[in-house]
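Could you put the whole structure together from the sequences, leaning on the hints where they help?
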Amino acid sequence: MSATAPGAPAPDPTDAVPGGPGAGLAAERVSLRDAARRLAEGDLGSLRVVLVLVVIWTIFTIANDRFLTAVNLTNLALQIAAVGTISVGVVLVLLLGEIDLSVGAVSGLAAAVTATLSVKSGWGAWPAILAGLAVGAAIGLLQGTLATRLGIPSFVVTLAGLLGWQGALLAVLGSEGTVNISDPGITKLAGTFFSDVVGWLVAAVCIAAIALSTLGRRRRRLAAGLEVEPVAAVALRVGAAAAGILAAVAIVNADRGLPLALVILVGLVVLVQGLITRTTYGKHVFAVGGNAEAARRAGINVARVRTIVFVLTSTLAAFGGILAASRLLAVNQSSGSGDLLLLAIAGPVIAGVSLFGGRGSVWGALLGALVIGSISNGMDLLALESSVKFMVTGGVLLAAVALDAIGRQRRQAHGRL
Amino acid sequence: MTTETQAGASRAPATDGALLRLRGISKRFGAVQALSAVDLEVHAGEVVALVGDNGAGKSTLIKAVAGVGPADEGEIHLDGRAVRINNPHDSAQLGIACVYQDLALCDNLDVVDNLFLGREQTRGPVRGVPVDEITMEQRARELLDSLAVRTLRSVRAEVGTLSGGQRQTVAIARAMLGEPRIVILDEPTAALGVAQTAQVLSLVGRLRERGLGVILVSHNLADVFTVADRIAVLRLGRNGGEFPAESRHQQAVVSAITGAPEDGGPTPNDEEAIE
Chain A
4 MSATAPGAPA PDPTDAVPGG PGAGLAAERV SLRDAARRLA EGDLGSLRVV
54 LVLVVIWTIF TIANDRFLTA VNLTNLALQI AAVGTISVGV VLVLLLGEID
104 LSVGAVSGLA AAVTATLSVK SGWGAWPAIL AGLAVGAAIG LLQGTLATRL
154 GIPSFVVTLA GLLGWQGALL AVLGSEGTVN ISDPGITKLA GTFFSDVVGW
204 LVAAVCIAAI ALSTLGRRRR RLAAGLEVEP VAAVALRVGA AAAGILAAVA
254 IVNADRGLPL ALVILVGLVV LVQGLITRTT YGKHVFAVGG NAEAARRAGI
304 NVARVRTIVF VLTSTLAAFG GILAASRLLA VNQSSGSGDL LLLAIAGPVI
354 AGVSLFGGRG SVWGALLGAL VIGSISNGMD LLALESSVKF MVTGGVLLAA
404 VALDAIGRQR RQAHGRL
Chain B
5 MTTETQAGAS RAPATDGALL RLRGISKRFG AVQALSAVDL EVHAGEVVAL
55 VGDNGAGKST LIKAVAGVGP ADEGEIHLDG RAVRINNPHD SAQLGIACVY
105 QDLALCDNLD VVDNLFLGRE QTRGPVRGVP VDEITMEQRA RELLDSLAVR
155 TLRSVRAEVG TLSGGQRQTV AIARAMLGEP RIVILDEPTA ALGVAQTAQV
205 LSLVGRLRER GLGVILVSHN LADVFTVADR IAVLRLGRNG GEFPAESRHQ
255 QAVVSAITGA PEDGGPTPND EEAIE
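First to last, the sequence lines map onto chains A and B.
Everything in the first sequence is counted per our numbering, starting at 4 for the first residue and increasing by one.
Everything in the second sequence is counted per our numbering, starting at 5 for the first residue and increasing by one.
The hints are simulated quantities; they were obtained by calculation from the structure and are not laboratory data.
Nothing here was measured: the structure is a model prediction, and the numbers come from that model.
Cβ coordinates follow ideal geometry from the N, Cα and C atoms, glycine included.
Please note: incorrect hints may appear among the correct ones.
[As the list claims (entries may be wrong)] Negatives, chain A to chain B, calculated, CB over 10 Å: (1) Ile102; (2) Leu149; (3) Gly180.
[Said to hold, decoys possible] Per the computed footprint, the stretches of chain B lying under chain A, defined by three or more beta-carbons under 8 Å from a beta-carbon of chain A, are: (4) 92 to 98; (5) 111 to 119.
This is how it looks when you write it as structure tokens:
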């Protein structure tokens, strides 16, 4: 990336004259280091996780020839839909530098509410789903208010939530302990596959949207006299996105077709990524995660920003739980428990969302879920025991967090907190 | 009508010429009386240096004006009108901008995002959606150019990667974005090198040329005498005297700060000012 802005009257070298020799030297060193830093931790953060994914897929493809098949990859997409949806919300709390340990329990409880209303109370699919989402939103509002107004660490509030909502799940399910979902309005969430034509149409629309928005923004920047990326870089980025989309659709079309669950997950990622990068509110989320005191002094209502994030996170967790129930066709006492919570948090962290707040992208939810889902799926194919699965997943998580910590240390060493 | 004709300062004339007038400001933290009946005046196009030893109440006073820590007692007049400042929002509404010593920048955001933090530009019918990055970037460029800031390589550089002087510049530019009438600078040159200090001081001079009232809090008397028009001394939470910023008053200012008689020996802090 070019460091010098076109139109800037005095680039670094001339500026070094009033700034003295020290200032000039520092500027030069920064620009050199800048390039290295970007490579190590900055712009290529998501490329890093893509590389990890390539390595994992290569290993499993070599180990088992059924891994890289259309059937299995479609299964993988279905497997990650629920945890990926929960992770989208987790990214938001992580951006604040907070944590939500209750997402697993909330997903189970919301699914139980939806299932119970649908099966036992005879509610329609949409009212039941909306009720489940409302339960999630209400829980988020409660936990967010407790965490921000009373100043209780979110870790503790949501840890209490983890226990409490699991109890509520058992209470909702009652003595039977299981509710089987039969309403097609709910089960079709995870059970719908689009025809090949629709799949290709979706791909075409996505690619056109990416290309048009990228070119449109570039044209507006040019018109405004601002610096733009070189054409080659834009072409490369749009081309890579198009290739990825086409490959994905080709794969799922070779099996049952484009799953609705995957469309929902990717749609949510795009929507929430737009929320945090294109709206005032999203800017405030990053600001609060980076320096809450600075945000407060800038007149941002920090408590409101935080509370809304907790509401969104719990609502997305609820939706993830409903997706999981739709796939399982049932809600039982173990819904939302087990490793779901940890995987939902581990995914974004593996994909480079910082645990320290203020850095990350919602795409991390998708990529992280893909990494964790691939490990789990691949090891299932190899018929490895749970013991190995847990240890390998733990190892990958630890490596990812270590990378995050190293990146942070390096930034601190360079005087960038 | 006052005779201050600087653009931006002419919109609401003060009856007595003072843009900002503080009267009897008091503030107490538990058992500690941080400020007792402090007065201060700032005129448009004037740099008033607020000096004093550690614990003299400088920070407490500016926090009261900035609304971060409202005063317990006292009156604040803007253009001769009594105003209430209970939170940072009130202060910003009144056209008072404050640049804190810790700068309050978000290191994870770029220069543009920091400049517009809390007042992002948007386009489109819905409030807050979508953020208009292009207008913000253009305005950031214009603002930095108008302040003759040429030290920044890119307005999209992450603020965490900038030097101390650059960060100070961003913080001051940020304060200017709200088109304030009064800018409070808290120790803007602390921890800066010689060249960077000169850059920041010339920036302060440019704020005065624009007709702003500037309150400059500083420990460094050399800086104060370089850039200020008037020096207000705080001592132990009270007014300790006011001096024109002429070099012949240096000894008097030092005495007012330390409370020592004028022939008292210089404290280490003042050696550079006394030369």
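Hints versus structure:
1. A:Ile102, annotated as away from the interface, keeps every beta carbon of chain B farther than 10 Å; the closest lies near 18 Å.
2. With 10 Å as the threshold on Cβ separation, the claim that A:Leu149 sits away from chain B holds: the shortest Cβ distance comes to roughly 24 Å.
3. Every C-beta of chain B lies more than 10 Å from that of A:Gly180, the closest at about 44 Å, which supports listing it as non-interface.
4. Restraint check on the stretch 92 to 98 of chain B versus chain A: 3 residues with Cβ-Cβ distances below 8 Å, three needed, restraint holds.
5. With 4 residues carrying a beta carbon less than 8 Å from a beta carbon of chain A, the stretch 111 to 119 of chain B meets the three-residue requirement, and the given coverage holds.
The structure meets every hint from the earlier list without exception.
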